[in-house]
Structure formats: C-alpha cells, structure tokens
Amino acid sequence: MKNINLNTWFTLFALLFILTGVCSLLHNAYEQETLVFTPTTTFLMKLHPILNLPTNGLGYNGFVNGLYGILGGLVINVLLYSFALERFVYGFKSLCRKVMVF
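Numbering follows numbering that gives the first Met the number 0, in which position 30 of the sequence shown is assigned residue number 29; successive positions increment by one, without gaps.
None of these hints come from the bench; they were simulated from the model.
By construction, the Cβ of each residue, glycine as well, lies at the ideal position given by its N, Cα and C atoms.
Any given hint could turn out to be false.
Derived CB-CB ranges, DEER-like [said to hold, decoys possible]:
#	residue 1	residue 2	range
1	Asn2	Phe36	42 to 52 Å
2	Tyr67	Glu30	29 to 39 Å
3	Ala28	Val98	41 to 51 Å
4	Leu79	Val21	11 to 21 Å
5	Leu14	Thr41	18 to 28 Å
6	Lys45	Phe82	35 to 45 Å
7	Cys95	Leu66	36 to 46 Å
Sequences are here, hints too, so could you generate the full structure?
If you want it as structure tokens, here you go:
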C-alpha cells in the first residue's frame with residue numbers, strides 16, 4: 000500500500016471514467032433500442048457488465064435513485080478499478096526492476 004503513484008492513478012481514473020461513461024451511454028441506447036450495432040459498439044456493450052460490476056452487485060443503484068445514483072455508482076466503480084490497476088502497474092514495474100537487476 001506504499002508508493003502510490005498519483006500520476007498513474009489519476010491517468011487511469013480519467014481513462015476508465017471516459018470508457019465507463021461511454022459504455023453506460025451505449026447501454027442506455029441499447030435499452031431504448033436506438034443503438035446501431037458495429038463491431039466497436041458490440042465490444043463496448045460486452046464491457047459494460049464488467050465495468051459496472053462492483054456497485055451493481057452490491058445493489059447501490061437500488062439505494063440511491065436518479066442521476067446521483069448513476070454518477071455515484073460510476074465514480075465508485077472507477078475508483079475501485081483505477082486503484083486496482085494502479086497496484087497492478089506498480090507490481091509489474093517493481094517485478095521488471097527486480098528481473099533487470101539479475
């Protein structure tokens with residue numbers, strides 16, 4: 000839990016927030032039956048359940064309704080995923096440093 004690189008975390012947070020927002024918008028278009036299917040939209044639609052997993056699995060959207068529920072769930076998901084990916088990047092970098100020493 001030490002040496003958290005805030006630049007990496009913030010970059011991952013921003014990229015995941017944009018990706019999750021796009022996936023949520025595509026899912027909303029799919030529910031309203033206005034989505035045009037292309038290979039890209041199909042791929043992003045398959046990512047939506049993965050990126051929405053933590054808060055939907057806990058039922059967060061049932062507790063808080065409306066826009067605050069959607070945005071709050073989105074931010075919580077992105078916070079968890081960006082922190083996990085930052086730890087993965089940190090571990091990968093430290094492993095590469097140890098391998099390069101020998």
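Inset, instruction - Check each numbered hint against the structure and report the violated ones by number, ascending. - result: 2 and 6
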